[in-house]
Amino acid sequence: MITFPSSELTDDELALRDQVRAFMADYRAQGHRLQLGINAEPDPEFSKLISRRGWVGMSIPVEYSGHGRTAVDRFVVVEEMLAAGAPISAHWVGDRQTAQMLLRFGTEAQKRRFLPRIVTSDVFFCLGMSEPESGSDLASVRTRATRTDGGWILNGQKVWTSGAQYADYAVTLCRTEPLGQSKHVGLSQLLVDLKADGVTVSPIRLLNGAHHFNEVFFDDVFVPDELLLGKPGDGWHQVTSELAHERSGPDRFLSVMPIVQLLYERQRARDLDLEMSEMLGRLFAMYMTFRSMSLSIARRLDAGELPAVEAALVKDMGTEFENQAVAVLRRLVNAEIDPRGGEFEALLADAVITAPTFTLRGGTNEVLRGVIAKDLIRNRRRVA
Amino acid sequence: MINFNDDLFEVASKMFERKQAAARYHAVEPWAQDLWDQLRTSGFTTLGRDATVADHCALAKAVGAYAVALPLVDTGLARWAAEHAGLSVADEEIVVCAGLALGDDLVGSVDASGGMSITGHARRVPWASRADVLIAPVRIGDRVRWARLRRADVDFNESVNLASEPRDDLTITAVVPTEVADEAPRVKDVRARGALLRAASGVGAMEFALNASLTYAEQRTQFGRPLSGFQAVQHHLVMMAEAVASVSSAVDAAVFSPPEQRLMRVAAAKVIFGEQSAVLTRLAHQVHGAIGATEEHPLHTRTRRLWSWQDEFGTATQWAVELATQLVFATSPGAWPVLTPPLTVLASRDVGETVPW
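Chains as they are written, first to last, in this note's numbering: chain A, 17 to 400; chain B, 1452 to 1808.
Since the hints were made in silico from the structure, they are not lab data. Note that the coordinates shown come from a computational prediction; the quantities given were computed from them, not determined experimentally. Take the hints with a grain of salt, since some may be wrong.
What the hints assert, rightly or not - With a cut-off of at most 25 Å between alpha-carbon atoms, the simulated DMTMM-like pairs for lysine to aspartate or glutamate come out as follows: (1) Lys-390(A) with Asp-1762(B); (2) Lys-1639(B) with Asp-289(A); (3) Lys-1639(B) with Asp-1762(B); (4) Lys-1639(B) with Glu-291(A); (5) Lys-211(A) with Asp-289(A); (6) Lys-1639(B) with Asp-287(A); (7) Lys-1470(B) with Glu-1534(B).
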């Protein structure tokens, strides 16, 4: 049953929010360029800066040098950062999901080795999932690791690997047993050191020339046993169990909020005409609602639940909405966009050009709808 | 699924389930006296301030889920307003609010002997033709006070909404009110509460339409497989589920809102309800095919209500404009802070309730 009970932030959570908000106001006052969500230019210095504030790896337990905070605490920090256009990409993958994955499936040695360095932004991760012949159909990956003395020999190719140009490790889904009856069996995840011999990273430029994506080639790469995540053959279960973390967050509806903020700053002292009021009011209502839904999921994560279907729903709706928001912003501007025309126009240009990726990255919306439909039909059959 | 108050929703649902009539089109919905009597016996027709806004919304949701053609929601609203105003309403009386539509104007004047009379008009008053008593905001000098009128003293032009529920235009000419209150809940608060109740009813109707569509898509076979096996149909079903989830989340956020944010949450909920119920009704009919567009199929009993309720107590457009009007102001720290209260500077804006909900 799909459900989103509402909740409010507690006083402690609000105090945290105020700290982050003040920090970001100060950061922006220093003249840093605003960034659009997870398309942000990586800025390891920024990641280290907020690590020192205790805002990376927040939910990692204290015994692994984390802060032992909640999923909602992380939600609070992340939504403030995204709304303020912070450059969050460098630490993003490790903070959002690799840490969760290590906590849940990693060996004790892996936890001790990586978690403290995630907290300090001394290690960055990227995700080696998609392959040239394996996009939405992730379980069909062909990259394979074969047993060798003390580890694995990895061969294959990954594509659309965001951040491989600066990440230290790629969490790489690969086949560790020959393909049998079920393609979900025999997959594992390796933590591949991107500086290792045999790894080649080459850029794939986005349609605006930006460098987020890469191809990553593995040519007889040796991966020691201690970098196999959890147990061999557990890969598919690991990948699918973190989807509630990956899909439900504010990054799925706040990508263009920095542009809305800039527009708002221009308009707040002026009289709004009726059309602009209506368009802004509709945008506001959507932002308020997605925020409630996303917060609701964070609360459930803290309660030990993994609401994967709700997360898929938020990601599908939220990313469709981000595209609508771009369309509304364009109607409000009602003029040609000059990509060199100042901060607002440059950001809007970026948003228009990169919006097609919003509904693709991290699982296409068509795949998400398949997940939701299956759940709806299964529940209906149970009731009937 | 969010029922606002599960126990109350269940009790009301059981009562409505037993009284479900076969789907038919009526020019005006017939009056189900036996169900009204049962609701009265159960104490549901006299709930006012004694019940929480969550209780009222739970009943409203059940009314929507079962397409109950009775003024249960509107009497609940009117009793709450009357009790805040200090107007008396007898238990057996059916009471509704008049004069809440934008542009309505009722003016009270006092004659030489100190007697008051009211003149003006009120449009699209829910269930007025079925009420014993009307309560309405009346301009007296530069103040607005709530007055209690006998329905029998008022002229009306009977009409209906798209679901054949009575929505009547009133003409009031020198009518002497039976009571005038000193205290007044603001018209804006009462209208907003009405908007929230309509959205809560909408959640019930939307859930029905989604479930009916899922059931039909499972049962109906074409090209050798159930409709639910077609990806295009699955995507329709998902968008309907998203519509239900977003509206129930927005309504839940308004129901359980801190008082100082209530009106902005209601505005958002009514906007989302308007947008998403439009998506859902279109897709529900698309999934059902031609059978869903007949009078014998119960789908229309919910979709016709949704088409009306999205406009009642303020359209999505009106509430969107209101939301922007309150949230865009010169001393605001920015868009994101005003969307995520609490925020001290919002205290200067009209975004919270002024009487307890």
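- Item | Index of numbered hints that the structure contradicts, given in increasing order | 1, 5, 7
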